[in-house]
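Chemist: Protein chains in written order, with this note's numbering: chain S, 1 to 319; chain G, 1001 to 1200.
Please note that the accuracy of each hint is not assured.
As the list claims (entries may be wrong) - Below, a list of computed lysine-lysine pairs in the DSS-like style, where the Cα atoms sit at most 27 Å apart:
#1 S:Lys302 to G:Lys1042
#2 S:Lys179 to S:Lys155
#3 G:Lys1002 to S:Lys34
Derived from the structure by calculation, the hints contain no laboratory data.
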Amino acid sequence: MKERQVRTLDQILSDVENGTIGAGQALSLMRESKFFTSCPSNNKSHAQNAPDALHELEDLIGLDEVKRLVLEIRAFAEIRRRRLEKGLAADPLVLHMIFKGNPGTGKTTVARVMGKIFMQMGILSKGHLVEVERADLVGEYIGHTAQKTREQIKKALGGILFIDEAYSLARGGEKDFGKEAIDTLVKAMEDHKDELVLVLAGYQEEMTKFLLTNPGLRSRFPIHIDFPDYSLEELMRIAELMLSQREYRLTTGAREKLKKILADKRKTHEAETGNARLVRNIIEKTIRHQAVRLLAAHNLSKEDLMMITEEDLEGDGEE
Amino acid sequence: MKRCFILGQPNSGKTLFMINLAEYCGLSSLELLVTDSLGEMKTLSLCFEDARKDLVDPFPHRTLSLQHATVPLKKGKIKISIQMVDTVGLSDSLDHPEPVRLGMAHTLKQIRSADIVVHIIDAPRAAVDLDVPAFVDLELARYASCKCPYLVLANKMDLPRASEGLAKIKATFPSSTVLPISALKKRGFREVKAHLLRFI
Ligand SMILES: Nc1nc2c(ncn2[C@@H]2O[C@H](COP(=O)(O)OP(=O)(O)OP(=O)(O)O)[C@@H](O)[C@H]2O)c(=O)[nH]1
Ligand SMILES: [Mg+2]
Chain S
1 MKERQVRTLD QILSDVENGT IGAGQALSLM RESKFFTSCP SNNKSHAQNA
51 PDALHELEDL IGLDEVKRLV LEIRAFAEIR RRRLEKGLAA DPLVLHMIFK
101 GNPGTGKTTV ARVMGKIFMQ MGILSKGHLV EVERADLVGE YIGHTAQKTR
151 EQIKKALGGI LFIDEAYSLA RGGEKDFGKE AIDTLVKAME DHKDELVLVL
201 AGYQEEMTKF LLTNPGLRSR FPIHIDFPDY SLEELMRIAE LMLSQREYRL
251 TTGAREKLKK ILADKRKTHE AETGNARLVR NIIEKTIRHQ AVRLLAAHNL
301 SKEDLMMITE EDLEGDGEE
Chain G
1001 MKRCFILGQP NSGKTLFMIN LAEYCGLSSL ELLVTDSLGE MKTLSLCFED
1051 ARKDLVDPFP HRTLSLQHAT VPLKKGKIKI SIQMVDTVGL SDSLDHPEPV
1101 RLGMAHTLKQ IRSADIVVHI IDAPRAAVDL DVPAFVDLEL ARYASCKCPY
1151 LVLANKMDLP RASEGLAKIK ATFPSSTVLP ISALKKRGFR EVKAHLLRFI
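Isolated chain G (complex conformation):
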């Protein structure tokens, strides 16, 4: 099964994207395999309501471990599954608390096993924040686009000024595919799915 890493800055919407994509693809609940930098491993079984409540947060660095979910994608009559991996937000800042630093290192180590990379960027933030896309976004794009099939998702398109941000993101990554989505409203998911299927 192909493994798709969901990467990006903290708070860009990675976790919500994974949960809602799983729901969109017809799963009735979320089965997560959670692994961390200490080698601990556990499984979580949640209904989507609880998953959004427990795993998504308005403050950055809610996710500190890798969360794997198997998501079915349909290609005509054929069912193909993909493993989506939600990750620890990557940032350039040096003064994170230790769990965040360990989590980022763990994520970076595991990226090597990615077959596909989906890079999520907060579009409305890109519109107002000079530093978004940040250095880490540029480097992520350079790393991932050489390594495997790679997709940029401009997220939170339901919010004001998002289209300004989208334009900026497109200009920053002229040679990558940039898809506008709203993880919250499940908008743009059909296109994302189509692209993922093409990569498999």
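Okay, chain S solo, but in the shape it has when bound:
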């Protein structure tokens, strides 16, 4: 049998754009990925229109692997629920995750949306995100760390506890209080199986090393997701999206120049190359430049107020 892969909305739509599938086929796949299978015929109880967190995920640019994985998790969780309904055995649903990637590659955003998705699926009761780093967990004296960590866990119950640069917990070696934080977290994962999802995030390499030196941890995190740097084309789409949300547009010249700026950046800055934050900084600065340029002008049209021109973009986008 051919392996069946979940198809993300991006894939379905690009198949339509390429003429590989027709609209009927696309609708069928879209319905499948939403589990619109056992549909009520009486028009009364549809999947009502609470803003769907899955749309939010679908609308993020790029992140193909993440999107596919979320669809798989949804499928698994849904089938698991139906198996339990029919009295069949079901593996426990363990959703603790490792996110590896450079800053600005969408890790926090994805975690936040996943929380909402899990909430809408009934996997988590609240689905909120509590984002912490070492300083939020590690204390000054014996016992302090466990207390601080437990506080954060308590805040995160029903949602996701997102630990950025998680390897910094192992930084100080054996005597460091970071170890105490890890132990407390592991215990919480046992005690609150059904009401807490833990996400450990950080740079690819550090994360891999961290997990190698803590094999006990590794086995508790079945889901690993890589967040690759955005491609130049994706960065451009992110830029255009940020601008259109603020009701700005790029002239053709400005678009070319922005592309060049981003391409140059990608060559020079190592860890920040595929970085959405970099795009945001450039965009915000450019909008300020446009404002300064327009202030000197008279009789501005709506068009003028919206257009970002070449001169609004700085040669290198540097502060």
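Following the hints, position chain G with the ligands against chain S.
Modeler: Same frame as chain S, but now just chain G with the ligands:
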């Protein structure tokens, strides 16, 4: 404001339905917000005469972008508005020119934001064409009826053989509400309006 998508195969009468419904509901001209797959956005202001002339066409795939219009519906003394969204005709064929394919993908992407779906089918065509309702009509019905309130409109009831088509459409969608209309003659609009109000 609730958003009602007008969906269906090319040439089924979606655009004419939207224009004439807007007129029927008492608007004096048509204000359209037009968006396309490239993220372009523009507004159009037309009198109804021009709208019918410019936006409706005997050949399929006249509409290649989404056209939004705010239409007032009256519920007793209360005025409620609804946003009607005219869309790119959906078809199963694979050999459309690129603008049509992009437009269909754009429409499919946006469907997710629909609060109500109105599905238009060409009734006289259903009478003579074995392939109408098509696969895309069946899938649209399955998708939309699970997602939100959903209505099938059998259109062009002013033409010969339309009632044969209507019977076939009703038989194809036994669990959906099917209303006969003529977008051209504004027939059946009272019932459509009543149903839309019930959904809001
Ligand atoms: N006789 C009759 N003709 C109709 C009716 N509704 C639409 N038409 C005609 O059908 C043709 C297509 O109408 P449109 O409104 O452009 O159809 P559409 O679904 O928007 O088509 P696309 O935008 O191409 O997908 C036009 O020639 C209309 O005049 C109707 O109720 N009766
Ligand atoms: Mg049209």
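Chemist: Against each hint, give a clear statement of whether it holds in the structure.
Modeler: Evaluation of the provided hints:
1. S:Lys302 to G:Lys1042: Judged against 27 Å, a Cα distance of about 12 Å means the pair holds.
2. S:Lys179 to S:Lys155: 21 Å, holds
3. G:Lys1002 to S:Lys34: Measuring from Cα to Cα gives roughly 22 Å; hence the hint holds.
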